[in-house]
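Colleague: The lines below spell out each chain.
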Amino acid sequence: MINPLTLENRTILVTGASSGIGRATARLLSQLGATIVAVGRNANRLQETTDSLEGSGHHAMVFDLADLDAIPGWIAKVVEQGGPLDGLVHSAGIGSLAPLRVLGMAEVEQVMRVNYFSAVALTKEFARKRIHRQTASIVLISSVAGVVGAAGRTAYSASKGALAAFARSAALELASAGLRVNCIAPAYVRTEMYEATRGSLTDEQLNALVAAQPLGLGEPLDVAYAVAFLLAGTGRWITGAVLPVDGGYTAQ
Amino acid sequence: MDLNAFCAKLDEALDVPPGTVRPDQALDQLEGWDSVAVLAFIAMADTEYGVSVPAKDIPECRTINDLANLILRQKA
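As they're listed, the protein sequences go chains A and B. Following our numbering, the numbering of the first sequence begins with 1 at its first residue and continues without gaps. Following our numbering, the numbering of the second sequence begins with 1 at its first residue and continues without gaps.
Source of the hints: derived by calculation from the structure; they are not laboratory data. Quantities reported herein were computed from a predicted structural model and do not represent experimental measurements. Glycine residues also receive a C-beta, built at the ideal position from the N, C-alpha and C atoms. Treat the hints with care, since some could be wrong.
Residues of chain A placed beyond 10 angstroms of chain B at every Cβ, according to the derived structure [unchecked claim]:
id, residue
1, ASN3
2, GLY33
3, ASN42
4, TRP74
5, VAL79
6, ILE94
7, LEU97
8, LEU221
9, ILE238
Computed, partial: chain B to chain A, Cβ under 10 angstroms [claimed, not checked]:
id, residue
10, ALA13
11, LEU14
12, PRO17
13, PRO18
14, SER35
15, ALA37
16, VAL38
17, LEU39
18, ALA40
19, MET44
20, ASP46
21, THR47
22, PRO59
23, LEU70
24, ILE71
25, LEU72
Taking beta-carbon pairs under 8 angstroms as the criterion, some of the chain A residues facing chain B (in silico) [as the list claims (entries may be wrong)]:
id, residue
26, ALA98
27, PRO99
28, ARG101
29, VAL148
30, ALA151
31, GLY152
32, SER200
33, ASP203
Hey, can you work out the whole structure from these sequences and the hints?
Modeller: Structural data, given as structure tokens:
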């Protein structure tokens, strides 16, 4: 029997690992044999993630990706401690639900910084020869909001669309170096971010949202499976793609 | 909570001329009170007052005063 999804002997850095999609991804990748470097802002919640990982040798790194200037030095330290990386999953992100007339520029900047600029800084460092292994793979968690629009979502949509556009160009630029860069565009998934959004919507609006997803509300593991597929040997001929994992939302 | 300041902030959130929003005003008579305005109110409550107003409580509100009370209730 073979397991084409095996990630044995691979070290994978997962941002946003203290909750939601990042946490489910870290867990699944560990079950597929990977060694995880779990990154998050909250030490306690990050510890909960690493405690739930399968196997040993995983690391928890408390780090705030909004501190862009600190990323190069921090990545160098990660590699010093755990060896070169085989994969990067960027799942860290913040939501934003504010119509333009009340949208502050500080919020726009913060959303771009955490969701997008951090991905640029991480990819830039990951692409350095001593940081990654011969063939390595990057998966950025974008969103269907980066593909289709929604009122009140301008800042969030722009940051997620930027990730997708960035992934395409980075894929072309880094292909000769043996690096693949892909995006996943999930629709609504049962995460802490979804719970927060839920509060800002009436039951009617919420029901309409879920009804727009033919396969219903997603689970974090549904996205994690797609991440694993892109990271493992199964994804070796895929780069620059934006994979919808959205229960059919964008098929309409 | 300073009700006048609250009304002024709602003027801005609803993009209506200053002085349009008054505490006793009925929401169903208020120009521009639509689904985007509801999102704007929720976002404003978060940034200006630091509270998450549950959207499901908004349909019960009849007046601007009720909206203010919604924020006060979350703050309590």
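Colleague: Each hint: holds or not?
Modeller: Hints, verified against the model:
| no. | hint | result |
| --- | --- | --- |
| 1 | ASN3 | holds (44 angstroms) |
| 2 | GLY33 | holds (40 angstroms) |
| 3 | ASN42 | holds (19 angstroms) |
| 4 | TRP74 | holds (30 angstroms) |
| 5 | VAL79 | holds (39 angstroms) |
| 6 | ILE94 | holds (13 angstroms) |
| 7 | LEU97 | violated (6 angstroms) |
| 8 | LEU221 | holds (27 angstroms) |
| 9 | ILE238 | holds (37 angstroms) |
| 10 | ALA13 | holds (5 angstroms) |
| 11 | LEU14 | holds (8 angstroms) |
| 12 | PRO17 | violated (14 angstroms) |
| 13 | PRO18 | violated (14 angstroms) |
| 14 | SER35 | holds (8 angstroms) |
| 15 | ALA37 | holds (8 angstroms) |
| 16 | VAL38 | holds (8 angstroms) |
| 17 | LEU39 | holds (4 angstroms) |
| 18 | ALA40 | holds (5 angstroms) |
| 19 | MET44 | holds (5 angstroms) |
| 20 | ASP46 | holds (8 angstroms) |
| 21 | THR47 | holds (6 angstroms) |
| 22 | PRO59 | holds (6 angstroms) |
| 23 | LEU70 | violated (13 angstroms) |
| 24 | ILE71 | violated (14 angstroms) |
| 25 | LEU72 | violated (17 angstroms) |
| 26 | ALA98 | holds (4 angstroms) |
| 27 | PRO99 | holds (5 angstroms) |
| 28 | ARG101 | holds (5 angstroms) |
| 29 | VAL148 | violated (17 angstroms) |
| 30 | ALA151 | holds (6 angstroms) |
| 31 | GLY152 | holds (4 angstroms) |
| 32 | SER200 | holds (5 angstroms) |
| 33 | ASP203 | holds (6 angstroms) |
Of the numbered hints listed earlier, those contradicted by the structure are 7, 12, 13, 23, 24, 25 and 29.
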